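Q: Starting from the known structure of chain A, arrange chain B on it as the hints suggest.
Protein chains in written order, with the numbering used here: chain A, 1 to 318; chain B, 1001 to 1322.
Source of the hints: derived by calculation from the structure; they are not laboratory data.
Pairs of lysine to any residue, SDA-like flavour, derived with a Cα cap of 25 Å: (1) B:K1287 - A:D65; (2) A:K87 - A:M119; (3) A:K76 - B:Y1276; (4) A:K264 - A:E92; (5) A:K191 - A:Y243; (6) B:K1294 - B:L1284; (7) A:K294 - A:R193; (8) A:K237 - B:P1247; (9) B:K1287 - A:N165; (10) B:K1296 - A:P71; (11) A:K31 - B:S1233; (12) A:K191 - A:Y88; (13) A:K31 - B:A1243; (14) A:K31 - B:A1241; (15) B:K1294 - A:N60; (16) A:K31 - B:G1193; (17) A:K56 - B:K1294; (18) B:K1093 - B:G1220; (19) A:K285 - A:Q298; (20) B:K1077 - B:G1186; (21) A:K56 - B:L1284; (22) B:K1296 - A:S61; (23) B:K1156 - B:T1288; (24) B:K1296 - A:V57; (25) B:K1104 - B:P1219; (26) A:K76 - B:A1243; (27) A:K56 - B:Q1292; (28) B:K1294 - A:H172; (29) A:K237 - B:R1119.
Quick caveat, the model's predicted, so the values are computed rather than measured.
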Amino acid sequence: MLSLFSGTGYPVAIKMVLKRALMETDLEQLKDLVKKWEHFEWIEVPGLEDRLSRLKVELNSAGFDRWGLHPETLRKFAPMLYLLYHKYFRVETSGVSGIPEGRVLFIGNHGGQIPLDAMMAGLALFMDGEPPRIARAMVERWVPTVPFISTLFTRIGAMVGDPMNCRELLEHDQSVLVFPEGVRGSGKLFKDRYQLQRFGTGFMRLALETKTPIVPVAIIGTEETYPSVYNFEVLAKILGAPYFPITPFFPLLGPLGLIPLPSKVTVRFGEPMYFEGNGKEEEEKIREKVQRVKDALQGEINSGLKIRGEHIFTGAAK
Amino acid sequence: MKVLVTGASGAIARLVASALSPKYEWVGVDPRPCPSETHFPGEFMVADYHSRKLDDVFKKHQFDAVLHLGRIRESQKYSPQYRFQMNVVGTQKLLELCRTNGVKNLVILSTYHVYGAHRLNPLVIAEDAPLRASQSFPELSDAVEMDHAATHFMWKVREVRTTILRPTNVIGKHVRNTICSLLRSGICPRVFGFDPLMQFIDEKDLARALILALENPLPGIFNVAGEGVIALSHAIRHAQAMAVPVPPIVTASLVRLLAEVSKIPFPPYLLEFFKYPTIISDDLFRKTFGYQPKVKTVQSLHHLGPISARAAISGASQDESV
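Just chain B, same shape as in the assembly:
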């Protein structure tokens, strides 16, 4: 079976691909070059998702399945226009290519951010909840649009079995998203007086979930969460970081300053996620796919540790079995 994976220079794509590398033939695409120390188990190509290069990839290979993990995260590194081009236009192009090239199975990785952090959020959010994110956070609109595009495609094009996963905060040794960077940095801001519940999923568990979705093609939208909930302050403590409570009145400006001084982007919407809990229920995914997270949240946070980039990433291809 031949599989195309987008976001191939990311940690999750590498974990999934190396776990299934002898069984499947992998082709990786990413707008970012693959980190030099790492090895992608298969053909790797640098390409934007909305460029003509992607057509050529589909002309060259006949894919059975596509794993779309290449959503560009919200950060100051990329402009909103670029993110819209990649995440919305690029995804639409990829979906169209899947349809015209007879791809049988498609897995799309969205995010739980699409639900938005809101004081009226229910205790646990199921898949049919409204996506409030774009209403309060324009910077998340591309994520919501991408999720919508994927959902429309799932209903409209039945011959491609499409599974959409909305994972909670992904953490792990190799992951380099905002929440991981904050927890690793040793100092993590939080909103004074608020200590919301959070969920975390370990990179290995997410890789396992993706493999399940890839191997048992069942169309649908599924939340994917880790072991359970934990308060933000507890999570920060377990990650051996120091929580710095910031008064709500000055948070926005202070966080902007912190983001400028440090190299870690702190998108403003994250503050709301640090104020109101956004807990998702993955009961449906567990029931449908028999998924069971194996890594305990506390362990995962403990092992986050300060990143020693080279050692950790170069080890990825050999010792990480999912």
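Extracted from the complex, chain A is given alone in its bound form:
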């Protein structure tokens, strides 16, 4: 009595056609083939099961954690991410062993138009971290309105960068990855690469309030993946995006221009920093502490750049 297309006549016909089209067609084999290629399932990711099983997450009967992290989705995308991480960007990490247990606030440098930096830092913590952990990346406020991306981000642990969300995660002893530069950082031009833009101060107040250690993360390499030479602000405004980069390849080469340049990526975790306070101090005092984090991060970036030298695509000569 409550079926969606109840009644007689054409509703029944619609129901039949829909069922035929969507259920009774035998596309299983084709589906399997597409699935296999879709997620690069033929690639073995060494140690994936072990790492997934050692993640400190509490899952419910549907396989989700409190904030919508879904390790099964991670497993599905792992081969693809592994390709990007190990083969394409050939990521090297340093300082992973110095990360303290429990809640941590990772502060990174932002650049390169799309959040490849967040992805690489997150993967570094998952693939090379001991124990493996999920970094909850704080993303821009417009991300929830983007179809597919919003869904995928939620499944792999990214959230809107709202102070309330950050507090909630830190209070539950999670690792949070924040880019205090925000869009000022991700939209920066090629000539400004690795120069930290103005930092927001909200992260410091949250760290003090929740007594969370701060770990600066220098991500070297991702700022060269999309060398933006000009920010087409008018078009960005029309599209409702925060910026619209023009690179030597995009939009000139169309979709080909969307392929990131294969620069060698290094993720350097700095020494954990502990600050005293309750998060209710005047802006002046907070700014001072933020500057210390910024300096530490810039220092980490500079030593990373020094090691790399001019070899953007091959990395340092060893």
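A: Chain B only, in chain A's frame:
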């Protein structure tokens, strides 16, 4: 103890009443007649909440507690004017009657819809979050108004201990709300490209929560959620239904068409809930009342099944122990 329950012909009221029927004396009120196959454990009366009949009920009985579960849901069946009369004017009248007749304990069932689905919603919504629903969805304004009326009453009239519960999507064998009807129908539309997290609470868990609130009168506003979050597409799959992704541009008109062809109302605001997650935190309720949901979300969705109305409802009074 004598308890008045509104929305008495609904599934939740019957579950609560039959679980506590020997202990308490029940009087049920509902504008809808009680389904013929079912049995309400106590006196049942058909009455609108804003009518004079309600005064007579209070004159006849001396109630110790009132359970207000009778919010009229948003659907095309009732006009917005009627819903406003029942949910806002009716609730205000009921609250006034509680005050003047010395009711000691009042439990009001609101809904998580009052928070509204919004892209800026925090990861988890606590009770003190702003109620955005009426801003984006005028059709939900009566629910928000009712919640406000209840909250004002809670602060103003301290002699009636008022507990307001805001449950998430309620599902269960006997529940016949929009989300259940959609999941049972076998075909459930969803917005193409969006797959928000949802929460579901089983009817038995909600009944348990209501009993807790009734037996331990602690004033306050509490979110009530089930076991955990689940993506909409997963929920549809677990309910053995088929998800039909609808492109966002045509959703509004298509959904209107679907609602017309089928008999299931699909209120437009639900589309937003199918786009942006509205996850509530029931930490406060768990801590205050020691509540722990017992039914796993996946099980609850599995057992939703296609409704065989008669069998399911007639069985309610005997075999459902909460």
